[in-house]
Amino acid sequence: MLYLQLVLNGFVQGLVIGLGALAITLVFGIARFANAGTGDFLTAGSYGALAAHKATGSLLLAGLGGVAVSALVSLLAYVLVFRRLMGRSVMALLLASIGVGFTIRAIHGLLFGHGQYVFQVPLSRPYIVLGMRISPLDLALMLTAALALTILFVILHVTSIGRQMRAVADNPELARVSGIRVKRVMTTLWLLAGAISAVAGIILGIKTVVTPESGWDMLLPLFSAAIFGGIGSPLGAMVAGILLGIAQELSTPFVGFTYKIVLAFAVMLFVLLVRPRGLFGVVEGVR
Amino acid sequence: MEAYLAAIGIVVLINVLLALGLTLQYGRTGLINFGHVGSFAIGAYASALLALQGVPLVICFIAAAVLAALAAWPIGLISLRLRDDYFAIVTLGFSETVRIVITSERWLTNGIQGIPGVPRLYERIGVGLPAQLAVLATLVVVVLIAAAVIQRIAKSPFGRVIEAIRDNEEAVKALGKDPAGFKIQVLMVGAALAGVAGAFYAHYITYIVPDQFGPIVTFYTWMAIIIGGVGRISGALVGTAILMLFLEGSRFIKDVIPGIPEIEMASIRLGVIGIALILFVTYRPQGLMGDYTRR
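Line order of the protein sequences matches chains A and B. First residue of the first sequence: 38, per the numbering used here; consecutive thereafter. First residue of the second sequence: 143, per the numbering used here; consecutive thereafter.
Treat the hints with caution; some may be incorrect.
[Said to hold, decoys possible] Derived DEER-like restraints, expressed as beta-carbon distance ranges:
id: 1; chain 1: A; residue 1: Ala303; chain 2: B; residue 2: Trp249; range: 42 to 52 Å
id: 2; chain 1: A; residue 1: Val246; chain 2: B; residue 2: Leu421; range: 31 to 41 Å
id: 3; chain 1: B; residue 1: Leu430; chain 2: A; residue 2: Leu148; range: 26 to 36 Å
id: 4; chain 1: A; residue 1: His194; chain 2: B; residue 2: Val208; range: 35 to 45 Å
id: 5; chain 1: B; residue 1: Asp353; chain 2: A; residue 2: Val116; range: 28 to 38 Å
id: 6; chain 1: A; residue 1: Val195; chain 2: B; residue 2: Tyr349; range: 35 to 45 Å
[Said to hold, decoys possible] Rough simulated footprint, nothing fancy, chain A against chain B, three-plus residues with beta-carbon under 8 Å:
id: 7; segment: 224-236
id: 8; segment: 241-252
id: 9; segment: 310-322
id: 10; segment: 361-368
Hints are computed from structural coordinates only; laboratory data are not their basis. In this text, a Cβ means the ideal position worked out from N, Cα and C, and glycines have one as well.
This is chain B alone, in the form it adopts within the complex:
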């Protein structure tokens, strides 16, 4: 039971990291990133491949963050010239491109067979509960640091500029600030968070295949920040927790109502997420913990 709870805690926190990245990008800056899973995938594959070459895990994690951030850089450059909806489509294309590359470049990623045997964190402690708790503790620390950084950014002049970009980009330009550099930095930091999340994921699951990095992951994260409340760290936490409760809970429905095969459950999950997206966007765009004083 403890092991199960620890496992859920790990999965939730990995998703909180993803949600924090999107909170910074969309919630704070207004960048509609539909390609978040692309950064997640780059982090996961980079860290897994390096670790299998014998590179120390600390360096793998750093590489995951750096590579994910670097891959977001060109997207940032393009974003400066595009309207919101075009940017959303381009980012969606980015994540699909990442997925197609990791599917096709078999020499590097082993294609659809994926990469088995990715080393775990804290392998010396073993694979039991203590190791899991150590992973959990590490994740708690990383999430706290990420949250603190985002909070710090929010209170800084930088944070006020990105909020202003979200609320009225033209006004920011008129005041002599160039939104371009700010947007690129925000995208890269958000992508780095997703990259670290990907590294944690790869080293926790120990087996990664391209199918795990479909667009649905991006929209799970969107769902989480919208349930929780856009732009708030508490929102990212609460939203992710509720989402994961639902995703985990849907596994147990099988036991309660027998006769629903897993493949049907996948459809039901997809449908529930789809309907929830529509309902939240329509009736409660600020989410549960949202800032009601703003638009």
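The shape of chain A in the complex, shown without the other chains:
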């Protein structure tokens, strides 16, 4: 029964990892670099939601506020930094994304201090199913994640801008000469990456605590899941994130709480060495 409970907890953790990995994989697939600032986009979402929650008292508005803040932060990062570096070396973009992350974290530290914040969510009696304790809050978080994913996949696969995004991901040169406006695609991409990071950050904030470092501390699992799922594959990122979340929770009785992150690292190494294209990735010429 303990293990079933761990699987459930891991599933919720996995939603955080999967959604964050989704933001990484979208950027990696379309803008073609590993955004090490993604963790701090998560934190921006958490703080945005906290502030909105305090101001309005409504969890729904808190969620929307967090999404808006993180989407804006992400778009700003693109307009002010990454746009100027397009076409530059991998090192330039990677280091700049570290710089963006540091800057966001510094702003969080200055605005909100270094204490821990928690979401004041009403306590409720958990449902007992098969001996597992399922809290209504967890169910609500799962539904939220499912809703966010549905919206994202509809945008990616049904709308015209989504098709354009996938075209750029597939072949940027061909997309450009076909008349796709890259600027519009990029703007949408960064707004989406920020918004989806915010959902991850809010779930993380509700399940644990919010500090300026809470998102950065998730970065390795996020990268791990993005690679595990296959870079550029949104579905893969989500599946890998949930698997990783469950694996991390199941490992705690054996290796202890602190080694969760190391497990994510080990999974990443294993995938890179054995199956670099991950679960759903396509074969690339280079890796």
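Take the given structure of chain A and dock chain B to it, following the hints.
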């Protein structure tokens, strides 16, 4: 005052050693190592723990270099198969793993409480200025040796191959050289330098905790080599000096503008480093002393 200057000199030179390691790895060979602090931590803990067991300090320092280099070996093996950005992420994971291990394995490292009372260098001379100057002199010698070795490597056939790997790895392969072995050696030498830096750090600060080995240290070093100019020894020196001037100087801002608590200063420092990274990468990727004839 002399003691303060000597202290700054020691801290600067320890960071110069770190920067030299990265100069070799990134500046010369193009390896994007985001886990430099991992080697630094291994050196610091290895030397401190051995010294507390009564092992002579010379052997502790050698062990620090060797262990840091050995830990870099598997990373090198993996790096051969990965693209630059994946390698960067893997190395970042390496340093975080090191930090988590030293945080968790309390039987060995005393966890977050850290290791107090690490023996100083030249303890027989005492703890005053003469001992500090002796440490400083030792560091100067070590830095000079490291710089000479890197300079020597640069002029050797080995140096030309690693530069060629940086500039065009495919061409190196086409010429029948295997980049793999070269990359591993460069990583291990760079890690050994970081390990020695870690040993100096542990024996100078005398109290080490896992918090001192966060990723920020890695990016301080990156900042230093980018300010100074990537790939140049003079760049590593100048960049580190400027960075340390800023980090030290930010302590004095507290005295000039009262009412800024230390925790806020930490955020400000982080933000300044973040913005400086962005600006340098965007507008001056060669740094101040950089080689403008190259890309």
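Consistency of the hints with the structure:
Checked against the given bound of 42 to 52 Å, the beta carbons of Ala303 (chain A) and Trp249 (chain B), roughly 22 Å apart, lie outside it. Judged by the Cβ atoms, the range 31 to 41 Å given for Val246 (chain A) and Leu421 (chain B) holds: they are separated by roughly 33 Å. Restraint check, Leu430 (chain B) to Leu148 (chain A): a C-beta distance of roughly 33 Å satisfies the suggested window 26 to 36 Å. Remark: the range hint 35 to 45 Å for His194 (chain A) to Val208 (chain B) is contradicted by a beta-carbon distance near 54 Å.
The hint said 28 to 38 Å for the Cβ distance between Asp353 (chain B) and Val116 (chain A), and at roughly 35 Å that hint holds. Our hint of 35 to 45 Å for Val195 (chain A) and Tyr349 (chain B) is violated, since their Cβ atoms are close to 59 Å apart. Restraint check on the segment 224-236 of chain B versus chain A: 11 residues with Cβ-Cβ distances below 8 Å, three needed, restraint holds. By the rule of at least three residues with a Cβ nearer than 8 Å to a Cβ of chain A, the coverage given for the segment 241-252 of chain B holds, with 4 such residues.
Taking a C-beta to C-beta cut-off of 8 Å, the segment 310-322 of chain B contributes 0 residues in contact with chain A, too few for the three needed, and the coverage statement is violated. As drawn, the segment 361-368 of chain B meets chain A at 3 residues by the rule of a beta-carbon pair under 8 Å; at three or more, the given contact holds.
Against the hints set out earlier in the document, violations occur for numbers 1, 4, 6 and 9.
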